[in-house]
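**Student:** Listed in order, the protein sequences are those of chains A and B.
Heads up, the first sequence stops at 288 in this note's numbering, and the numbers go up one at a time, no gaps.
Heads up, the second sequence stops at 566 in this note's numbering, and the numbers go up one at a time, no gaps.
For the record, the hints were derived by calculation from the structure and aren't laboratory data.
Keep in mind the model is a prediction, meaning the values are calculated, not measured.
Positions of the beta carbon are idealized from the N, C-alpha and C atoms, including for glycine.
Be careful, since some hints might not be right.
[Said to hold, decoys possible] Below, in silico cross-link-like pairs of lysine-lysine (DSS-like), each with a Cα-Cα straight-line distance of 27 Å or less: (1) A/K5 with B/K560; (2) B/K470 with A/K14; (3) A/K9 with B/K451; (4) B/K382 with A/K9; (5) A/K5 with B/K464; (6) A/K14 with B/K560; (7) A/K108 with B/K447; (8) B/K464 with A/K45; (9) A/K9 with B/K416; (10) B/K447 with A/K14; (11) A/K9 with B/K560; (12) A/K104 with B/K560; (13) B/K451 with A/K14; (14) A/K5 with B/K470; (15) B/K382 with A/K14; (16) A/K9 with B/K470; (17) B/K470 with A/K108; (18) A/K104 with B/K447.
[Stated by the list, open to error] Computed footprint of chain A on chain B, listed as stretches where at least three residues anywhere in the stretch have a Cβ under 8 Å from a Cβ of chain A: (19) 360-373; (20) 420-427.
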Amino acid sequence: MSSNKAVFKERIIKQILTAFAFSSLLFLFLIFAFILVEGLPLFYKAGVKNIIFGMKWAPTRGFFGIFPMIVSSFLVTFGALVIGGPLGLGCAVYLAEYAGRQQKMFLKPALELLAGIPSVVYGFLGVLYIVPFIRTFFGGSGFSLLATSIVLGIMILPTVISISYDALMSVPRSYREGALAMGSTKWQSTWRVVIPAAKSGILASCILGMGRAVGETMAVIMVAGNALKIPGGLLDPLRTLTSNIALELSYASGDHRLGLFSTGVVLLFIIMVLNYFANFVIRRTVIK
Amino acid sequence: MRVNPRLTDTLVRHLLNMQAYFTVGILVIIVFIIFIKGISNCSLSFMLTYPEDMGRHGGVFPAIVGTIFLVALSILFATPLGLGTAIFLTEYTKESLLTTIIRFGVESLAGIPSIIYGLFGFIFFVIKLKMGWSLLAGALTMTIMILPTIIRTSEEAIKAVPKNLRIVSHSLGATKWETTVKVVLPSAAPGILTGIMLSIGRAVGETAAVIFTMGSSLRLPTSLMESGRTMAVHFYILAREGISMEKAYATALVLVMSILAINIFAYYMMNKVTAKYS
Numbered sequence: 001m002s003s004n005k006a007v008f009k010e011r012i013i014k015q016i017l018t019a020f021a022f023s024s025l026l027f028l029f030l031i032f033a034f035i036l037v038e039g040l041p042l043f044y045k046a047g048v049k050n051i052i053f054g055m056k057w058a059p060t061r062g063f064f065g066i067f068p069m070i071v072s073s074f075l076v077t078f079g080a081l082v083i084g085g086p087l088g089l090g091c092a093v094y095l096a097e098y099a100g101r102q103q104k105m106f107l108k109p110a111l112e113l114l115a116g117i118p119s120v121v122y123g124f125l126g127v128l129y130i131v132p133f134i135r136t137f138f139g140g141s142g143f144s145l146l147a148t149s150i151v152l153g154i155m156i157l158p159t160v161i162s163i164s165y166d167a168l169m170s171v172p173r174s175y176r177e178g179a180l181a182m183g184s185t186k187w188q189s190t191w192r193v194v195i196p197a198a199k200s201g202i203l204a205s206c207i208l209g210m211g212r213a214v215g216e217t218m219a220v221i222m223v224a225g226n227a228l229k230i231p232g233g234l235l236d237p238l239r240t241l242t243s244n245i246a247l248e249l250s251y252a253s254g255d256h257r258l259g260l261f262s263t264g265v266v267l268l269f270i271i272m273v274l275n276y277f278a279n280f281v282i283r284r285t286v287i288k
Numbered sequence: 289m290r291v292n293p294r295l296t297d298t299l300v301r302h303l304l305n306m307q308a309y310f311t312v313g314i315l316v317i318i319v320f321i322i323f324i325k326g327i328s329n330c331s332l333s334f335m336l337t338y339p340e341d342m343g344r345h346g347g348v349f350p351a352i353v354g355t356i357f358l359v360a361l362s363i364l365f366a367t368p369l370g371l372g373t374a375i376f377l378t379e380y381t382k383e384s385l386l387t388t389i390i391r392f393g394v395e396s397l398a399g400i401p402s403i404i405y406g407l408f409g410f411i412f413f414v415i416k417l418k419m420g421w422s423l424l425a426g427a428l429t430m431t432i433m434i435l436p437t438i439i440r441t442s443e444e445a446i447k448a449v450p451k452n453l454r455i456v457s458h459s460l461g462a463t464k465w466e467t468t469v470k471v472v473l474p475s476a477a478p479g480i481l482t483g484i485m486l487s488i489g490r491a492v493g494e495t496a497a498v499i500f501t502m503g504s505s506l507r508l509p510t511s512l513m514e515s516g517r518t519m520a521v522h523f524y525i526l527a528r529e530g531i532s533m534e535k536a537y538a539t540a541l542v543l544v545m546s547i548l549a550i551n552i553f554a555y556y557m558m559n560k561v562t563a564k565y566s
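One chain only, chain B, in its complex shape:
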């Protein structure tokens, strides 16, 4: 029997359309469930008070502070390293065996699962370098984990800056570094920022690599060598140990909403960049 190609075309179009909206539906449902179940227990005071009784009562203030500390430190370490690598790869060298090897290294880092980062951070930073479960060990582990994202997005952003800008700058007598800092980087800034935002999103949501390096102390960390707990780790412990479903949902709400806000901002920046150069 011969199938009518036009009929097939229409059917397939609807089928694929349904698939796309079904998938978006999954996102909507996840956000919806978290919102509905979490909103009643989530308030400003929930975010600003200390937990009591392992998190069964009270708020998540130390976990929010712990998350901010961890993210700030890892971004502080990873941005110069990642941006430096991207500048080296794009401005200071030609494609060669060396760049191939460095790119291979970056790609490989990106493919390593977070539990391996957890294992490594645990044995290297926590045990061998004697940092113990600490903010510093967590931040260093997270730095390595987000490095590939920062390198790749910065590289893309720097590559997208038109060649003419560099040529003009050089012809005015500027050195390579002056050109990079005063001409190239300002033009690439939104793209670089996108990478940083995506890295922040990743660090906020990470659990496996953090729990074995930063630990899960519920106290507010006051120094680099103290253990602490991020929102994601707190949520994992609340949910897995069945401490409190209400608090787990409320924590998930804060977690998911902040990550969505960060990522939406990142995509907004990225769109601005693509609009500018195309």
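Isolated chain A, as found in the complex:
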């Protein structure tokens, strides 16, 4: 009898755990369903072309163009990559190939702690230090593409560093030993052998860093200036997709609110494409 009871209990537990495991899929489904249900109708009503390629955002008067925000989101993401990419990769290479044990024990946690600083703090310090610096030395208001790129460049560092570090560390020791045995210097072995071998992981780290930058909101609102046009230069203010949502959600109603959900649909689409590419790149390495 008691063994029957035990079998029964095991079965119940397994069913509960299965239900738990499906919760993530359920949440993912709910998120997509609700964002799409709220966001898609406006695409019919106002026209896909008028939203995605529309230049004017005046939601209370029926203009839902988010093209400048799409362009701005791409620009700041690219800017973040230009600033954070090389710096992050340099750190990862140093940690994986050059740093001694003791140095690593200190550097690695310190670099990972950067990820814990809340985005509002990055934005705040950006406003108080980076924006005035740009205003003084380069002109303009300081709230600009450049300021946003610098802040986001710093914010993507932990992502770029930790993922490319893992990629570098997964290159077998024998590769390095082989290169060194042939008489190459440390850098020659790193540049010609280790980095090419870790190429896909490094690429994935950059794509995921871009995902982080494109989705960042609070820091961007604070330093970007939030102007509703395509920035003409590095010193012009801009508004990204994420800031558009966060700036207006608390008071929007009716079609205006739907417009913000449409913005969310476009943002979600960009994020999914980036994540898909990152996964694709990583999986290709594993198979190889």
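Put chain B on the given structure of chain A with help from the hints.
**Tutor:** Below, chain B alone, put in the same frame as chain A:
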């Protein structure tokens, strides 16, 4: 012209070294600025008194309580769900299409930006389920947001437990669940705790997802259905609306120091785990 490889090697080594310390320098500078500017306005009474005049004077007591409530609730919801998922993925099933799909779901959740969580929580919990801007809506949104972290770290921790322990336990007649609860989970506990700590750090620092679900009321929330304000939201409002720079710095100090302390503890736990199994 032929470049001397040894010279290049030395130059590169120094260049990369500088990059690494420059990056650590950014962290040090951020913490230093916040500390220097915030310490003069930050005291025990700042943490224990109510704000006056939108936060221009007084302290941040309700925001601290709001943060603790939000974090405690979301950890309470997310830990059983996340741990259950991790146990299912590692102990109760083999790698299959099903686990691939579940992992895909977890990875996708992890990649969704916080403002999308804010949008979703706003339309689903606040509007459709009629919770209003409330502690509960905020905690449920945050639960979904931290779930991927808890699942992934728990899975890693459970996987790291040696197979032998399970085999011995089974051979003594223990069922799968008894083995999981009495043998596997205790060994994996530090790793699981690391995931929970990292999630707490994330929830404490989050703004975009919280402000549209929990709202930003400055009163002390006394029930699940009341709005409240976390430290991060309070700091954002102080800074963005230019209410008071002194109070903003002091709030940032409390915020950053608590997150650093939580994360440092998390890494300490993680190091203990890696030291144990390698």
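**Student:** Now tell me, hint by hint, if it's right for this structure.
**Tutor:** Structure-based check of all given hints:
no.: 1; hint: A/K5 with B/K560; verdict: violated (39 Å)
no.: 2; hint: B/K470 with A/K14; verdict: holds (17 Å)
no.: 3; hint: A/K9 with B/K451; verdict: holds (24 Å)
no.: 4; hint: B/K382 with A/K9; verdict: holds (20 Å)
no.: 5; hint: A/K5 with B/K464; verdict: holds (14 Å)
no.: 6; hint: A/K14 with B/K560; verdict: violated (31 Å)
no.: 7; hint: A/K108 with B/K447; verdict: holds (23 Å)
no.: 8; hint: B/K464 with A/K45; verdict: violated (55 Å)
no.: 9; hint: A/K9 with B/K416; verdict: violated (37 Å)
no.: 10; hint: B/K447 with A/K14; verdict: holds (18 Å)
no.: 11; hint: A/K9 with B/K560; verdict: violated (35 Å)
no.: 12; hint: A/K104 with B/K560; verdict: holds (16 Å)
no.: 13; hint: B/K451 with A/K14; verdict: holds (20 Å)
no.: 14; hint: A/K5 with B/K470; verdict: holds (19 Å)
no.: 15; hint: B/K382 with A/K14; verdict: holds (13 Å)
no.: 16; hint: A/K9 with B/K470; verdict: holds (16 Å)
no.: 17; hint: B/K470 with A/K108; verdict: violated (34 Å)
no.: 18; hint: A/K104 with B/K447; verdict: holds (25 Å)
no.: 19; hint: 360-373; verdict: holds (count 4)
no.: 20; hint: 420-427; verdict: violated (count 0)
This entry does not satisfy hints 1, 6, 8, 9, 11, 17 and 20, going by the numbered hints stated previously.
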